[in-house]
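Spelled out from the first residue to the last, the chains are:
There are 2 protein chains.
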Amino acid sequence: MVEYIGIEGIQRIVGRIGPAAFIEGLAAEIETDYRRWSEFDKSARHAIHSPGGVIELMPTSDGQMYSFKYVNGHPKNTAKGLLTVTAFGVLADVETGYPLLLSELTVTTALRTAAMSALAARWLARPDSRVMALIGNGAQSEFQAIAFAHMLGIRAFRLYDVDGQAMKKLARNLQGLGRHDLQVTLHCSAAEAVEGADIVTTVTADKRNATILTPGMIAPGMHLNAVGGDCPGKTELHADILRRPDARVFVEYEPQSRVEGEIQQMPADFAVTEFAQLLSGAAPGRASPAEVTIFDSVGFALEDYSALRYLYKLQRQQGQPHKIDLIPHLENPKNLFGLLAAGNPSAAITKAAARLAKSRTAELTAP
Amino acid sequence: MVEYIGIEGIQRIVGRIGPAAFIEGLAAEIETDYRRWSEFDKSARHAIHSPGGVIELMPTSDGQMYSFKYVNGHPKNTAKGLLTVTAFGVLADVETGYPLLLSELTVTTALRTAAMSALAARWLARPDSRVMALIGNGAQSEFQAIAFAHMLGIRAFRLYDVDGQAMKKLARNLQGLGRHDLQVTLHCSAAEAVEGADIVTTVTADKRNATILTPGMIAPGMHLNAVGGDCPGKTELHADILRRPDARVFVEYEPQSRVEGEIQQMPADFAVTEFAQLLSGAAPGRASPAEVTIFDSVGFALEDYSALRYLYKLQRQQGQPHKIDLIPHLENPKNLFGLLAAGNPSAAITKAAARLAKSRTAELTAP
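Line order of the protein sequences matches chains A and B. According to the working numbering, the first sequence is numbered sequentially starting from 1. According to the working numbering, the second sequence is numbered sequentially starting from 1.
Hints in this document: simulated from the structure, not taken from any laboratory. The reader is advised that the hints may include incorrect statements.
One copy or two, either will do: identical chains are not told apart, so a pair holds if it fits within one copy or between any two.
[Stated by the list, open to error] Calculated lysine-lysine pairs in the BS3-like style (CA-CA distance at most 30 Å, straight line):
1) 168 with 313
2) 168 with 80
3) 323 with 313
4) 42 with 168
5) 323 with 76
6) 76 with 168
7) 313 with 42
8) 80 with 313
9) 168 with 323
10) 80 with 323
All chains should be built: construct the whole structure from the sequences, respecting the hints.
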């Protein structure tokens with residue numbers, strides 16, 4: 001049996017502690033795992049692209065546990081009433097290879113991406129940051145807002161989306177949090193939303209080289225949290241922003257980000273800093289209040305590993321975990337075929353089982 | 001919702017038609033898919049090795065459907081009462097990226113490997129083959145025997161395993177099939193079992209460069225179905241068997257087999273023929289009754305794709321498919337956060353939802 005967390009399960013688990021505490025707890029797990037970066041087996045994710053989107057597998061392991069995530073990205077899905085991104089994943093025991101947990105990761109990916117964004121911003125944004133522009137108000141946007149309100153002390157959110165309905169949905173959901181200390185404003189353009197922001201989060205879905213942010217929008221001291229550009233041919237920042245002499249770019253796992261991140265627009269020797277280097281002290285963080293810091297986030301397998309292990313722990317803490325019969329349990333592991341004889345009402349099999357029972361001392365023609 | 005086939009499900013589905021008919025139906029699906037080889041996105045599987053074994057992901061797609069399999073290989077597991085190989089997989093819709101079916105593949109992998117072995121043998125073994133040696137009598141062996149009895153007309157099985165209990169278990173299970181036209185004999189060594197065989201199937205589990213078959217055991221005209229060597233450092237055949245001037249080696253997907261198959265022992269330019277080339281007529285099959293044909297099988301993602309699509313079809317044909325809540329269904333796909341408000345009894349969330357309901361015309365500070 002494999003433990004299982006479906007949509008009902010994630011609602012229950014997150015509901016028990018609330019999304020803000022869930023995100024903060026997850027950010028702590030992610031930080032712990034990034035601090036032991038060298039222990040992880042790292043590879044760029046496996047992607048199969050099609051005209052409508054991409055399907056990816058993201059495996060990793062620290063030698064104790066193994067995890068992978070299945071995730072798709074299909075920007076045209078929302079027009080059909082479907083999600084742009086769906087995901088699920090598995091945590092497994094490296095020693096036996098047995099899966100331990102199968103979990104939904106659609107909701108969890110939004111939570112873990114927000115946790116990673118806020119964690120990076122805690123290391124990179126100016127500590128006095130209070131205003132965040134949020135460009136792209138789709139499925140992930142509430143999670144980003146909650147993470148930055150809770151973990152960074154952001155008090156004003158300046159929203160913009162090409163889809164006015166999405167913008168209003170986000171505003172309503174943020175109002176629904178009941179936090180009267182949060183100010184939420186809707187804007188007519190990305191440029192207007194960005195004005196006066198300490199942090200700019202871009203989390204748009206279009207699979208193309210978009211220029212959501214142009215050089216003129218960027219002020220000294222800003223932290224840019226670029227979440228939406230995460231695929232070859234899918235970027236959000238004008239390349240001149242990356243080229244600013246006062247800007248530094250931070251990534252999760254350089255080989256993957258070179259292909260998928262904003263830096264796919266730059267030459268292969270363009271300087272970047274891996275987040276793990278910040279944590280280990282191998283590289284400095286923000287150098288001055290005027291520096292522009294850019295977190296070129298694409299999502300790395302380690303973050304899903306952290307999320308799956310966190311969910312596994314939370315579900316066990318919260319009581320009897322749900323289970324599904326994805327893996328067989330056998331009395332004799334070499335008798336897999338016995339599964340098709342046992343518990344099976346079909347005539348052929350039952351007949352075979354009956355014969356087998358009769359001939360307990362099988363008369364075998366031994367040589 | 002995603003359709004689901006667990007252990008109970010595979011017992012039900014295979015039980016309804018019987019393992020022999022299931023394997024033959026699956027072999028037909030696999031053959032159909034190999035005939036459109038060029039349509040598939042092919043890559044060597046992603047593997048993470050550890051001292052105890054390996055965990056692999058095997059993705060592929062034909063542009064319409066996408067599939068992947070998770071599979072481990074841990075030879076020491078049986079000593080702990082666990083299976084050497086467990087597996088599961090997913091079939092997804094390329095157009096939307098949504099998963100359609102999550103299925104157990106532990107039992108199914110044994111069925112599909114047997115189907116592939118018998119399919120290859122139908123193209124490569126001498127048509128008058130009636131005797132098969134079966135070396136390695138573990139979890140996969142019954143499936144191999146059933147496939148070769150049903151699809152090739154094998155009537156005599158000569159068994160050998162270092163574990164005498166495994167050998168007796170296989171003999172009992174084969175006797176339990178109730179087919180009085182099958183002769184089953186147990187042997188004291190691989191050499192003895194192989195004597196007089198038309199086909200030799202090796203399906204052992206040890207993760208090392210073993211020499212289950214040595215050159216002296218091989219007679220002209222034999223077909224070797226080498227199933228167990230499927231991992232770097234895990235082979236079953238002495239390299240001199242591959243070097244025989246009267247032998248030809250057939251593989252599934254050359255780039256993967258170079259790393260994982262018996263041919264990992266050979267130089268990179270050692271001649272092999274891909275199975276798909278046989279089907280398309282691009283390469284000839286067996287040249288004479290005296291030729292030694294070797295199917296250096298490691299298992300390729302296409303075969304799991306075929307198996308998942310076959311299971312998806314069978315479960316739908318057989319009635320109401322089982323479903324699990326792995327993927328959310330949303331009224332508004334951009335309102336993923338709404339999931340954490342709806343259907344959630346926690347105080348924080350309920351409070352937020354109540355507030356949201358009250359303020360239907362949200363008073364937003366528009367600029």
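For each hint, the structure was consulted:
no. : hint         : result
1   : 168 with 313 : neither (36 Å within a copy, 43 Å between copies)
2   : 168 with 80  : within (20 Å within a copy, 57 Å between copies)
3   : 323 with 313 : both (15 Å within a copy, 25 Å between copies)
4   : 42 with 168  : neither (39 Å within a copy, 44 Å between copies)
5   : 323 with 76  : between (34 Å within a copy, 25 Å between copies)
6   : 76 with 168  : within (20 Å within a copy, 57 Å between copies)
7   : 313 with 42  : within (23 Å within a copy, 36 Å between copies)
8   : 80 with 313  : between (36 Å within a copy, 25 Å between copies)
9   : 168 with 323 : neither (39 Å within a copy, 34 Å between copies)
10  : 80 with 323  : between (32 Å within a copy, 22 Å between copies)
In this structure, the earlier hints numbered 1, 4, 9 are contradicted, and the remaining ones agree with it.
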